[in-house]
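> Going down the list, the protein sequences come from chains A and B.
Counting in the working numbering, the first sequence runs without a single skipped number right up to 149 at its last residue.
Counting in the working numbering, the second sequence runs without a single skipped number right up to 1391 at its last residue.
There could be a bad hint or two in this list.
Said to hold, decoys possible - Straight-line alpha carbon distances no greater than 20 Å define the calculated EDC-like cross-link-like pairs of lysine to aspartate or glutamate that follow: (1) B/K1351 <-> B/E1337; (2) B/K1334 <-> B/D1364; (3) B/K1285 <-> A/D109; (4) A/K45 <-> A/D62; (5) B/K1334 <-> A/E137; (6) A/K50 <-> A/D74.
Worth flagging that the hints you see were computed from the coordinates, not collected in a lab.
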Amino acid sequence: NAGVTQTPKFQVLKTGQSMTLQCAQDMNHEYMSWYRQDPGMGLRLIHYSVGAGITDQGEVPNGYNVSRSTTEDFPLRLLSAAPSQTSVYFCASRGLGLTGELFFGEGSRLTVL
Amino acid sequence: DAKTTQPPSMDCAEGRAANLPCNHSTISGNEYVYWYRQIHSQGPQYIIHGLKNNETNEMASLIITEDRKSSTLILPHATLRDTAVYYCIVRGYNNDMRFGAGTRLTVKP
């Protein structure tokens, strides 16, 4: 099992450009989520999904869109990148249930100039 | 989900036990206490979780007070590789996992 795979690992964008961060998991997990982590801070939840076709907002959803067309994939879209979105992005997944462990990807470092 | 309070930083001598405290005074009856850690800029790693009883696994022990308003993560013999940011999180059924600032543990030789 590869676990949670994120691509790309590094990306530089110009203000106003759009892009998609990809996240895939091969553990058949229903729950998937995206976090961002700014320097010296903890992780903040952007969006999450409890299954295909179901998404919801987290703590900091503005400027980001998500969709969940399959169990395996949960892409994060930046429609018009801003310098404030410079951050490290982590995707995570777990099974539904009371005690599911959250598995994280290696992160995607995004810089918006 | 209940909020948690952790000290921003702690030091520990290599080979000694590291005791990391967490306050969660507003925890409700069906909410679990989870601990994760993050080494450098890697994705967080699960350590342990518990509801009301003390728990132990190969990585750590979790001690939850009887009133469940606080807990302590114990790394019994800390090594340099345990230097990391440790997050205490309270989560109910299917709720999101929301991370605070955590405790930066530095293990010193």
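> Now tell me if each hint is right for this structure.
Tested hints:
In summary, the hint linking B/K1351 to B/E1337 is supported, as the alpha carbons are separated by about 16 Å, within the 20 Å threshold. With a CA separation close to 25 Å, the supplied pair B/K1334 and B/D1364 exceeds the 20 Å bound. Simply put, B/K1285 and A/D109 have alpha-carbon atoms about 30 Å apart, too far for the 20 Å limit, and the pair is violated. For the hint linking A/K45 to A/D62, the alpha-carbon distance of about 19 Å falls within 20 Å, and the restraint holds.
A hinted pair counts as satisfied when its Cα atoms are at most 20 Å apart, and B/K1334 with A/E137 qualifies at roughly 18 Å. For the given pair, A/K50 sits about 18 Å from A/D74 by alpha-carbon distance, which is consistent with the 20 Å threshold.
When each numbered hint is compared with the structure, violations occur for hints 2, 3.
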